[in-house]
Amino acid sequence: MLCLTAMAACMSCEQALLPESEEQEKAVLKVRVESLEQVGFAESRAGGGLGDYCTKMSFVLFDDKGEKAVAVNQEMTDASFGSASMNVPFGNYHLLVIGHSGEKNCTVKSTGGITFDRASDVTDTFWYYGEVAFTESTKDIVLSLKRVVAKMELTCLDNLPSNVKKVALKYGQATGTLDMQTGYGMTKTQITKEIEISDDMYGQSQTFSFYIFPQEDEITINVTLKAYDENGTEIGGKELKDVPMRQNAITRYRGEFFGKSVGVKANVQTEWMTIDYNPSANNS
5 MLCLTAMAAC
15 MSCEQALLPE
25 SEEQEKAVLK
35 VRVESLEQVG
45 FAESRAGGGL
55 GDYCTKMSFV
65 LFDDKGEKAV
75 AVNQEMTDAS
85 FGSASMNVPF
95 GNYHLLVIGH
105 SGEKNCTVKS
115 TGGITFDRAS
125 DVTDTFWYYG
135 EVAFTESTKD
145 IVLSLKRVVA
155 KMELTCLDNL
165 PSNVKKVALK
175 YGQATGTLDM
185 QTGYGMTKTQ
195 ITKEIEISDD
205 MYGQSQTFSF
215 YIFPQEDEIT
225 INVTLKAYDE
235 NGTEIGGKEL
245 KDVPMRQNAI
255 TRYRGEFFGK
265 SVGVKANVQT
275 EWMTIDYNPS
285 ANNS
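Sequence positions in the sequence shown follow my numbering and run 5 to 288.
Hints should not be assumed to be uniformly reliable.
What the hints assert, rightly or not - In the SDA-like style, the derived pairs of lysine to any residue whose C-alpha atoms are separated by at most 25 Å in a straight line are:
{"no.": "1", "residue 1": "LYS150", "residue 2": "THR115"}
{"no.": "2", "residue 1": "LYS230", "residue 2": "SER209"}
{"no.": "3", "residue 1": "LYS143", "residue 2": "GLU38"}
{"no.": "4", "residue 1": "LYS242", "residue 2": "ASN282"}
{"no.": "5", "residue 1": "LYS197", "residue 2": "LYS143"}
{"no.": "6", "residue 1": "LYS113", "residue 2": "TYR132"}
{"no.": "7", "residue 1": "LYS108", "residue 2": "THR139"}
{"no.": "8", "residue 1": "LYS169", "residue 2": "ASP183"}
{"no.": "9", "residue 1": "LYS169", "residue 2": "PHE212"}
{"no.": "10", "residue 1": "LYS69", "residue 2": "CYS110"}
{"no.": "11", "residue 1": "LYS30", "residue 2": "THR81"}
{"no.": "12", "residue 1": "LYS230", "residue 2": "PRO165"}
{"no.": "13", "residue 1": "LYS143", "residue 2": "PRO165"}
{"no.": "14", "residue 1": "LYS245", "residue 2": "ILE199"}
{"no.": "15", "residue 1": "LYS108", "residue 2": "ASN163"}
{"no.": "16", "residue 1": "LYS242", "residue 2": "ALA137"}
{"no.": "17", "residue 1": "LYS69", "residue 2": "GLY53"}
To be verified - Computed Cβ-Cβ distance ranges for the label pairs, DEER-style:
{"no.": "18", "residue 1": "SER213", "residue 2": "THR139", "range": "37 to 47 Å"}
{"no.": "19", "residue 1": "SER89", "residue 2": "PRO165", "range": "28 to 38 Å"}
{"no.": "20", "residue 1": "ALA83", "residue 2": "SER166", "range": "38 to 48 Å"}
{"no.": "21", "residue 1": "GLU260", "residue 2": "VAL32", "range": "23 to 33 Å"}
Please keep in mind that the hints were generated in silico from the structure rather than gathered at the bench.
Glycine is no exception: its CB is placed at the ideal position from the N, C-alpha and C atoms.
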């Protein structure tokens with residue numbers, strides 16, 4: 005009886021201690037985005053805040069097994085935009101931060117890819133991914149995000165004809181999926197971006213643009229701009245081959261799209277790195 009009583013007492017003690025041993029102490033990990041790499045565009049707004057360059061920000065914390073521990077999505081109208089507080093146990097983590105201006109929050113796939121609403125709607129995007137050792141002595145984490153897109157601008161030097169109702173940009177070997185860990189594009193596909201033409205766009209030159217995530221520092225893609233009338237009949241356009249695209253750079257093409265070609269004109273920008281695309285030079 006004495007033995008049974010002692011064993012019961014030990015079992016009672018073990019059951020009481022088990023929940024305590026499994027319970028992990030939690031604390032608040034604070035992360036703040038301090039800057040965006042080379043935030044200026046040609047239309048740069050000097051002295052602007054984070055909300056001038058991206059309207060959404062996502063903070064995702066992964067545990068040491070690669071599972072999502074915490075995810076925080078923010079809008080630029082939030083008072084805490086650019087700063088996140090996450091209540092998690094002390095330990096080792098990986099932190100992902102994405103800033104963009106898409107209509108919807110980005111989605112982090114189990115494959116490690118980050119996707120947005122549509123591949124044709126990729127916006128200027130800023131990224132951070134790295135290890136975080138969260139201990140009692142950890143201070144607030146302050147980050148600088150890196151720009152991970154390449155931008156293409158096509159400027160029609162001739163006026164947009166009045167019978168153009170839609171413009172379609174097609175670009176191959178591109179991607180709208182970002183690799184979470186590397187900050188490069190994850191896939192290669194053909195993307196089509198359609199632009200409806202409004203009345204105020206007629207009778208003047210227009211610039212059409214798109215963003216992609218390059219799969220490495222510099223790639224080449226083929227780009228086609230086609231214009232269509234209200235019946236869907238093609239009425240003009242231009243095909244560009246082997247267009248250089250580079251992360252954190254704008255590639256610009258300027259020429260006539262609806263009349264006789266007048267060649268390429270360059271216009272250097274001061275904020276982004278700029279690539280002037282000259283198809284004649286590429287073919288020589």
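**Prompt:** Can you give the numbers of the hints that this structure goes against, from lowest to highest?
**Reply:** Hints 5, 7, 8, 11, 13, 15, 16, 17, 19 and 21 not satisfied by this model.
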